[in-house]
Structure formats: structure tokens, C-alpha cells
Amino acid sequence: MAEPLESESSLLVVVLDVNAGAWAQSALPLDRALQQAVIFINAYLALNTENRLVVLGTNAHECRYLYPAPGGGAPAHDVQVYEQFRAVDARLLSGAAAMVDGAASDGAGHSLVSRALSMALCHIRRTLSSATSKVWPRILVLSAGSDSTREYISLMNSIFAAQKMSVLIDACKVVGPDSVFLQQAADITGGNYVRLDAAGSESLLQTLMFTCLADHYTRGILNAPGNELIDFRATCFCHKRVVDIGFVCSVCLSIFCQMAPVCSTCQTKFSFKIAGAGKGRPAAAPAAATASAPSAAGGTPSAAMSSLNLS
Amino acid sequence: QPKTPEAPKRHLGADLSRHATAGTGEGPQEHGISIPFHSRSHTIFPLSVAQTQPFLLAVTNTGACSGKPLLLLPMARPANEPADDEDYIDIDDTETEGLKGASGGYAWEEEYKRSWDVIQEDASGSIQSSVEGFSDQLKRRRRLRDTAAVQRGIIRHIVVVVDQSESMAVRDLVPSRIHATLSLLETFVSEFVDQNPISQLSLVATKDGLAEALTELSGNPMDHIGALRDKSNRDLAGEPSLQNALELGMHGLRRAPAHGLREIICVFGSLTTCDPGDIEQTLQALKRAEVRVSMVHLAAEVFAFKRICRETGGRFAVAVDADNMKDALMASVPPPPLSASRATADMVQMGFPIKTSSGSLPTPCACHHQLTFAGHICPRCRAKVCSLPTDCDVCGLPLVSAPHLARSYRHLFPEENYAETAAANVPARACFGCGVEWADGGKAPPSPRNGSAAAAPRHTQTRYQCPGCKQAFCLECDIFVHESLHNCPGCSPPNTLPLSSIPPHNTMARIAASVTVFVAVFVVAVFAAEGAARGAAYYGQDWDEQGCGCCCEHPDGYQQRRHVPQITVHVIQPPPTYIYDVTQTACYTEHSDCCGCPYVCGPTCIPQGEVLAPCNIGKRVVVADNGRKRKGC
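So the sequences go chain by chain: A and B.
Under this note's numbering, the first residue of the first sequence is numbered 119, with each subsequent residue one higher.
Under this note's numbering, the first residue of the second sequence is numbered 594, with each subsequent residue one higher.
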């Protein structure tokens, strides 16, 4: 990347997960974590006078803009001097407190991360289209809740949209075990994924500063903690086992570990042509091959024998 | 598209080249196009008294009728007649009903449109608001799209045919048709690969009556973009040959499995085609092979091309200008709905490789034969490939990762179109997506808007409401959600999923992943060595010399075997049972009319015919060849 011009700035969208149920299990209380996050945000704002900030708060029920808060207030690009940090901090902390107080008890521990990412991307696009100078967008997700399989598709859509807009998604898992979805998000978009374990709970600020503070240009120079062994394998729909080689229905793209005559998700009946070498095919005798002249579809051996249509 | 005339000119010597019609009455030709006035014959339309409105009186100086004034009339096609009404082909020029426009008069009788009146100035004399209004109209038109959750052809193999004939040098698209086409195709290729990650495409060019394949069928966009950027592809010559191009495309698509959707997309600028045989035969062959042909034509509608497209189930479009061409071409990018007649659905065996890094020692990759540290290991043959999605170069297994399949899920669960609603119905103060407040503070202004500030959402009097979550969005969020994001912020995550069991990545995956990490460290090293050893047996440095006759000297002269690698990997001890275990590692090439090679020479070449079944031992392959059975082992 070329060195950025002075007029270029960054846009950081922070997604704060304030799911009370998830934070209750954390060694680091939510208010301490918020204070550290606020210091990180101030550091980000101090890096460049033109840096913009948006903060979204999310829990299990809703997702709202904490900063810039709807209902008045200075727009983000005015935050340039130290006194104004107080305005940001105050609004952020009060907004987060309001969200925590207002929420009913949510024991599930899942937050609406995909909704937050979608809203963040909408806002980023709006900002980029109306900006006069180049703005480099990125998203930081401070996540406490766990993955929810309901969110998978919308999360992947958001990730691909972010990849197209070249938005980096950094993820910091403060509480709980690794989130595979956020790992994939960081890997696909080019961001960093960090997980705080229990011992390092006091070092949230340090972790954030070292991994997530750098802008697009600087990340090329830094040697970030990479996750090179991310498992992108899929699990089969029938047994939820991880598959190395699976069978994919060509209509609905669901993954199975064995051949089946009917796809269980889209109810498509398959014709039993041999589509490549593999397991689980009926060891059809060559006698059946008397059926044929080689068909027009040459090379890949889709056999010209009659297809067994098990209905 | 036929060019509609402007205000009828009342003076002699008008510019004829855009207003001449030629009808030879010899059958359906390129009906309704403008042919410059030096064509062979002219038709004189009878005039009746009531229609003595302004007409073109022109003098032509073609050889046959030099000096004689003729009555030449502007385009005979009424303004709003659908261009694809093939029943309209009217070879009887004396009948004039079809020439009338919507209001019953001829095209030249209608009021000429004063296009400059549409732009209006506001109080300060600026036309900014009108310009914004136009751009908003364009945006709104893009809003309406097909969101039916139907079965779509997600696995696609397409061939893009580019016309490189001399008619592509016309400058009606800037800088010339061929430049505009090639740069648009670059965008098309990237979009296509982005939205259809498990699909493949290839490029074919046609000129001088021949067709040539620019690239082979592959899913890697860089190959195709490299070919498109190649300057030598801007050289134009002769006439195109649609039949040759379609035949070549079909030949390339034979490799595509039956469950995938096979398409040929053509971008043509020429009104003619120079074919060696009967294109009807090609059309029948296309129908038998279930290949869809679509075309974007840059000049005019050609009946023959259109018929091919229609009969094979594709789309035919004529591009009026550059934007139109882009829309027509990009309409082919999302997966098309499957027609009911196509019954083939199959289970495709795919591999999900693990991304690994081999630590301090680089190992060769199977795709470029270079030493790399990181890569994906094919689960079947343990060869390393650099990037996904691809087909394993050694065993041919399609390799994808779960996110690639996830990219196509949005076609299966499309988001809903937003409905326009008045501002009064919406209690929210800001757009739900971007959080920017409505500029009008929630009230609908009664009069047309003035030039609004750039930061506020435009078209502030309408909100766009999602029927699912009832949240209101602004126009820009609407467009963004439907074009890029594909999930509504208010509706995600869905409370219930339409599928009974939805993917992956639960605790099982995590546990398995952590276990895999430990095991992989041991296993990968072993497999890498073994894979390299196995790979060497195929890619041995003297592969060329000991290749069988059918690989090296194909009658057509093209080579299908692997490239000879630049590096040598020393074989320590290849296990003999694996070398010819074609069922595991064979990659079937496509020369099905190979010339009598007497044995299976290696895992990448099977002589004539198709593989019918592996035998029970799993080591032999039974191959049928025109009635002759041969065994290879």
C-alpha cells in the first residue's frame, strides 16, 4: 500500500456487546472493560484529527447506535480535541448503561452480532459515499456472547459485503471460548482475531492497542498475530460431523457425509450418475455398461448407464 | 435498437444514413435496422392524403438510382413496439398497419420530444435538484429485482464468446466497441467469480470466420482477466463465426458435469456470421446438450441470433449504450432459476481442505509447482494447492471451503424487497440501517424538494419499509442491502431458519479443530512427503519422454497433460500400488477420441471412452470404447 496522504482518515465502527448474561460470567466486569475500551477509543481519535468513530451497542434483543446518538449531539467528525473526549466517553458510557439496564434478562448469551455488522456496513457505505476525502473503514467487534447458528447466513453475507467494500473486521473475544464465526470474519476480511483468556482479562486495553489500533497502512508493516490454522471445513448436515470430503447437493448446497438418494433439505431426488470417483457409489457392474455408446458429455465420466432413480 | 428519429427534417439533403430503411422483401432479415443509403434497393411506401405530414425527401446517389428523388421515410418501427416480437417480421411492405405508433399516427407524426424541458431550474438557478432527481430515479429502477426463492443453477459453467470482427471497431461505444467490451468483461468476470464461487468460466474469441479459445474452463479470475487485458485481443479481423464459437464452447463445456448449468454468453457486434455449415445443426446440438445461449448484441437485433437464444432458453438483449450493455451483461451474473425440464440434480463430491503452514520448510504446490509455505491440503490425494476454490490438480476433486458455499446461500434465502411508504407512517427518527436522521425531521414536505444538503438522505419524503421487520430505511440503504449486503438489518438474524439443520461450525468443529491442530503437525509432515513422492511419480522429470502416444500427440495438436515442472522432486520409493490406482487419483482429461493408446499410461490419461465403474478391487478401471472393452490398470 502506498503511504497514506495527510487528508486520509479512518472510520472505526466499534460493536460493543453488552449482553448482560455473557458478561456476568466474565472475570472482567463490564464497567472496567468499558473504561478500557473508552481509553482505546480515545487513543484512536487522537491518532488523526479526521478520524471518525461510530459505536454500536448490541445485546440479545436489540442493536442501537450509541455514538453518534440519535437525537442530537455533535457529529462524529467534530471530535478533534481533548475536551471532546469527555463528550464521547460520557455518551458512550451512559448509552451502554442504558442498554444494560433496559434489557430484560437474557440468559441465552447470544448477541445480535450480525445485525450490528449489517447496520455498521450500511453506515460505512453512507459515510463513504458522502465523504470528500478518502476514508479507510474498519470494524472492531468486542464480543462476549457465543455463536448462534441462526446467525450464520446473515453473518456470512455481512462478511462478504465487508470484503467487497474492503472493510477490515477485527474481533476481540473478551469472554468465553473462541468464536469460529468471528475467526472467519477476521480471516476473510483481513483483520485480526484475538481472544482474551481468563488470565489476561486485565490486559484488554493492551491487547486492543497492540492488535486493533493500527490503520490499514500500518497493518502491512506490523506482524500481527495470525491464525493460520483456521478450520474452514464444514460439518455435515446429518450428523454434525466435520467432513473432509463431503457430498454437496447441487440445488441447495447442503453438505452430507454420505451419498443419499434424496437431499434431506430440499427434497431433491438425485439421479445416480457417477460424477467422479468416490465412496459410497453402488459398485455397478460393467455389465450395465452394455448400454452404451459414449455419450456426448465426454470427459468427466458421467456414465451412460441408466440412472437409478430411487423415488 | 433501432434509432428512433428526431424531429422530422423538412429540408432536402438530410442526413440519410440514419433514416434509410432497406427492405428487400426477401424474407426475414435484420429487420428494422438502419442501413446506410448505399444499400441495394429502396422501398417506396405509398402515401395517403391524410398523411402528408413532414417526410423526408431525399436524393440518393447510389448507382442504380442516381439523381432520382425518392421518398425515404424514417424508421418504420413504432416507438413502443416490443423489439422481440418476432411475429412482426412483415415482408409485405405495402401494408402499413404495423408502422403506426401507439397513438395511431406514424412515428414522424408524433410530437417530437423536447428532452431539454425535463430539466428545470430551481429558484437559485441551479439544476442540481433535477440532476439529483434523475440519479434517484435510476436508483429506484434498480430496486426492483427478482427475489423469488426458487431453485437456481448454482453450479454453473459458462463460456463467454467475444466477437473480434471488424464491426467491433465502430466507435459508438467509447473508445471503441472492442475496448468497451473487454473492459466490461473484466468487471463481469470478477463479479461472476465473486457471486458464483463454485462455478467456472472460459473465454472464446471469434474472428476471421474462426473461433479460438482464449482461456480454459477455470474458476480463477486472474487467468481470464489476464487474457482480457492482453493487448493482442484488441486486434480485429474479418467476420465472426457464431457456429464455430458455439461449437468450440460446447466442446469446452463437455467437461462440465451434467448437474451443473451450462451456458454460453456472447457479446456480438456484427450483424453477420460466417459459418462453415448449417447453424441449425448447431442449434439442435445445443438443445441436446442443454446449453443455454444468451447474447448481448451491440448493434441491432438479428433474427438468427435471437432465435438461437430463445430456443435454448437464454436471453437476447440489444445494448443501446454502455450502461445498457452493462445491465444486460450483469443480468447474467446471478444464478438463473432452473427450468422444470432440467431434472438433473446430483450430489457433487467436494473436498474441504485444511489450511496449513508447513513451518520452516517449504513444500511444492501442485498448481504452480513452486515452493510455498502455506497452502491447502487436498483431503483425497494430499496434494497442496494454493488457493480455493479450485479443482485439485492431481485428483480432480473440487476443493472449496465452507464460506464459498455460504456465498451462494443468499440465493436460497433472498431478502425481501422493501416497500415504499410515506414518511408519516414511520415513527422512527432515523434510518434503521445507517442511523442518519431524516432530513425533514419526519414530516413529509408538501412540495417538491429543493436542493437538499448532501448529508441528508435524498428523497426524504419516502421511506422504504421492510415487510418483515417493519423498519424504515432510506433509499441508499435500500440499494445497498439489496445489491451488496443481501440481508436486512432488521430481519437478521432470522428467528427460524427455513432449513432444518443449518451449518456447521458448532462445538464439534471447534473440538475437532483443536484436535486436528495437534494431529496435523505430525500428519502433515508425513503426508507432505508422501504426497510429494506420489506427485513425483506423475510429474517425474522425464514425463514427456515416457508419455504415451495419446497424451503427447493428440490429433488435434493440443496437449492436455500436465505441465512439466521446473523442479525435480526425487522419488524415494513410490508405493507401486498407488501409481496406477486411477480410482483414487485419476484426473480424466477430455480427449475422448484419442488415437488408440493401448494402455492406460498414467493416472491422467484414459484412452478412448468413458470410465464406467471401478472394479471391485479398486485398482482397475473398466473403460468402454465404442463397443470395445478395454481394461486399464
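Honestly, the hints are just simulated from the structure, not real lab data.
All C-beta atoms in this analysis are idealised placements derived from N, C-alpha and C, irrespective of residue type, glycine included.
A few of these clues could be false.
Simulated pairs of lysine-lysine, BS3-like, Cα-Cα distance not exceeding 25 angstroms [what the hints assert, rightly or not]:
#, chain 1, residue 1, chain 2, residue 2
1, A, Lys387, B, Lys880
2, B, Lys919, B, Lys824
3, A, Lys387, A, Lys358
4, A, Lys282, A, Lys252
5, B, Lys880, A, Lys282
6, B, Lys899, B, Lys880
7, A, Lys358, B, Lys948
8, B, Lys899, B, Lys919
9, B, Lys948, A, Lys282
Here are the computed distance ranges between Cβ atoms for each label pair [said to hold, decoys possible]:
#, chain 1, residue 1, chain 2, residue 2, range
10, B, Thr1014, A, Pro343, 45 to 51 angstroms
11, A, Ala216, B, Lys1063, 21 to 27 angstroms
12, B, Cys979, A, Gln376, 27 to 33 angstroms
13, B, Val767, A, Ala216, 53 to 59 angstroms
14, B, Asp828, A, Phe328, 52 to 58 angstroms
15, B, Val767, A, Asp315, 46 to 52 angstroms
16, B, Ser950, A, Met327, 41 to 47 angstroms
Indices of hints not satisfied (ascending):
Checked against the structure, the hints that fail are numbers 5, 15, 16, while the rest are satisfied.
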